[in-house]
Amino acid sequence: MLPISSQIISVNTSSVQVIQNVPNDLATEIPRSLLVGFSSSNDVITILNRKEWKPQQLTVYMCVCVCVCVCSLSSSVLQGFTCTGARNIGNGQVKNLIKACRRSGSRKVKLVESQLTCMYTYIKDDAANFNLYPPDVLLYYDYSLVPQASCRAYFTELGNADFSVFSAALSYKRTALFENAKSCLGITNTSLTKDEISVLGNMCCILDASYILNSDSSILENLKSCPSLTSAQAAAVQARITNGNTRYGYAKLWTEQTLKDLGMLPLYMSSTFYDHFNTVKRIYCLTKNCFSFCVSACTLGFITRVTIVNLTFPLNYDISQFTSCLNSTIVKDNLDALVNQVQEQNYTKIVLSKLQEAYNASGIIPEDQVQILGAMSRSATMEDINMWSIIQIDTLASLMDASNGPWDPAKAIISKYLSVKGNSLGSVELNVFRGPNLCALDVVVIRNISCVCVWRLFLHHISSR
Numbered sequence: 001m002l003p004i005s006s007q008i009i010s011v012n013t014s015s016v017q018v019i020q021n022v023p024n025d026l027a028t029e030i031p032r033s034l035l036v037g038f039s040s041s042n043d044v045i046t047i048l049n050r051k052e053w054k055p056q057q058l059t060v061y062m063c064v065c066v067c068v069c070v071c072s073l074s075s076s077v078l079q080g081f082t083c084t085g086a087r088n089i090g091n092g093q094v095k096n097l098i099k100a101c102r103r104s105g106s107r108k109v110k111l112v113e114s115q116l117t118c119m120y121t122y123i124k125d126d127a128a129n130f131n132l133y134p135p136d137v138l139l140y141y142d143y144s145l146v147p148q149a150s151c152r153a154y155f156t157e158l159g160n161a162d163f164s165v166f167s168a169a170l171s172y173k174r175t176a177l178f179e180n181a182k183s184c185l186g187i188t189n190t191s192l193t194k195d196e197i198s199v200l201g202n203m204c205c206i207l208d209a210s211y212i213l214n215s216d217s218s219i220l221e222n223l224k225s226c227p228s229l230t231s232a233q234a235a236a237v238q239a240r241i242t243n244g245n246t247r248y249g250y251a252k253l254w255t256e257q258t259l260k261d262l263g264m265l266p267l268y269m270s271s272t273f274y275d276h277f278n279t280v281k282r283i284y285c286l287t288k289n290c291f292s293f294c295v296s297a298c299t300l301g302f303i304t305r306v307t308i309v310n311l312t313f314p315l316n317y318d319i320s321q322f323t324s325c326l327n328s329t330i331v332k333d334n335l336d337a338l339v340n341q342v343q344e345q346n347y348t349k350i351v352l353s354k355l356q357e358a359y360n361a362s363g364i365i366p367e368d369q370v371q372i373l374g375a376m377s378r379s380a381t382m383e384d385i386n387m388w389s390i391i392q393i394d395t396l397a398s399l400m401d402a403s404n405g406p407w408d409p410a411k412a413i414i415s416k417y418l419s420v421k422g423n424s425l426g427s428v429e430l431n432v433f434r435g436p437n438l439c440a441l442d443v444v445v446i447r448n449i450s451c452v453c454v455w456r457l458f459l460h461h462i463s464s465r
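Each residue of the sequence shown is one higher than the last, beginning at 1 in UniProt numbering.
These are calculated hints, taken from the structure and not from any lab test.
Here a beta-carbon is modelled for each residue, glycine too, at the ideal position from N, C-alpha and C.
Everything hinted at is true.
Taking CB as the label site, the calculated pair distances span:
#, residue 1, residue 2, range
1, S104, L253, 33 to 43 Å
2, N346, A153, 54 to 64 Å
3, N316, G363, 27 to 37 Å
4, V112, N316, 37 to 47 Å
5, S419, E256, 33 to 43 Å
6, D216, D275, 19 to 29 Å
7, E221, N129, 22 to 32 Å
8, L315, Q20, 39 to 49 Å
9, T272, N12, 55 to 65 Å
10, K194, D275, 24 to 34 Å
11, V309, T84, 34 to 44 Å
12, S419, A176, 54 to 64 Å
13, Q343, S164, 26 to 36 Å
14, S104, K194, 19 to 29 Å
Distance condition first, Cα-Cα at most 30 Å in a straight line; then the derived DSS-like pairs of lysine-lysine:
#, residue 1, residue 2
15, K224, K110
16, K182, K224
17, K95, K173
18, K173, K224
19, K173, K110
20, K173, K194
21, K421, K332
22, K173, K54
23, K332, K349
24, K110, K95
25, K224, K252
26, K95, K108
27, K332, K252
28, K54, K110
29, K332, K110
30, K194, K182
31, K110, K260
32, K224, K260
33, K224, K108
34, K332, K416
From just these sequences and the hints, can you work out the full model?
Right under this line is the structure:
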């Protein structure tokens, strides 16, 4: 059987129809040959912006030709920047495109070295306006052109860059950047002040262990955002945290909240680090006089992402310990890993229960979480489903994926999708939940399906046999 994306594409191979029909999260499966010849309609840009693209798949220059303001392009579209394509549009538009890539947080445009060095060639004569461009581009700046009166501002901007993008051939630039930063800020030893650390930002990720051990403890906060730490850096971080001279206090006072506050750092710690938490949890429980809690307390160690990705997980946890050692925040932040590792139904029900707990305040589990449930969705209760947000066709497609097993509550899922204003049963929806799932629909709903849609579904079924 063809993949669902291929089935949807085969319904109508017109470029516009393809991008309308294919769910947003499946857009990466659309062949490049079908991503040409778009009109200059704003509606087309809106559809393209909603989808996730591979950098090499959708060139941003096609969008520039039909878009009045490049700042309206999504981050996924902007990551299609190429030097070859840049030659086909004016320098002014290229600069506007580069400026549009200056985004932060979840909207950050992910660019690689070849894109960044190309961008720099277009803005190298504008060294004084470094605050207008993506911080990652500043990694490749000619520092000698930066006005010395602005060097602190330059390094403050650079502190937001991702220092891991350097290739092996240009990795020497990391050292050069830090040397220039030391000269600008007047750094003469390995004891960085809080102010110096705030300016360096992500540059702290490239510092050796001596700086981590000797600097102001605020350096730990910067290290939380590093994409990775070396073993020497990790050992230095653990030494700083466990010596008690940080905002996290002494190990004997640590609680589960401490583990949460440390962010990603515990992922790099040795097993001795986690021993502090096992001990303190039992002591904390007794001092709080909560005997009933102690009976069911976690004794195997709290479940973290490191625990989850272990090949033996969750075999070493019985149901009781799995329930006690897994908290809702971990489920919320690591649902994708849990879906891959946890298969047994009694365990998947606990994960779904914890997920529900994580979103109790809002009463709604967002679609990006629902879309990755996979086979785990088959363990859901009606109470779980009632909290799910099912608005986009992408979400419906992921839930109706037959490879995840039979789907008893199909009627509830489909009805929830159709309850959203603007959603209806078109050819795309029918292709998503055809077969036995259609039998779950109410007669009234079935009567509202157009003959054209049913005919298309029939023709597609015949052609795929």
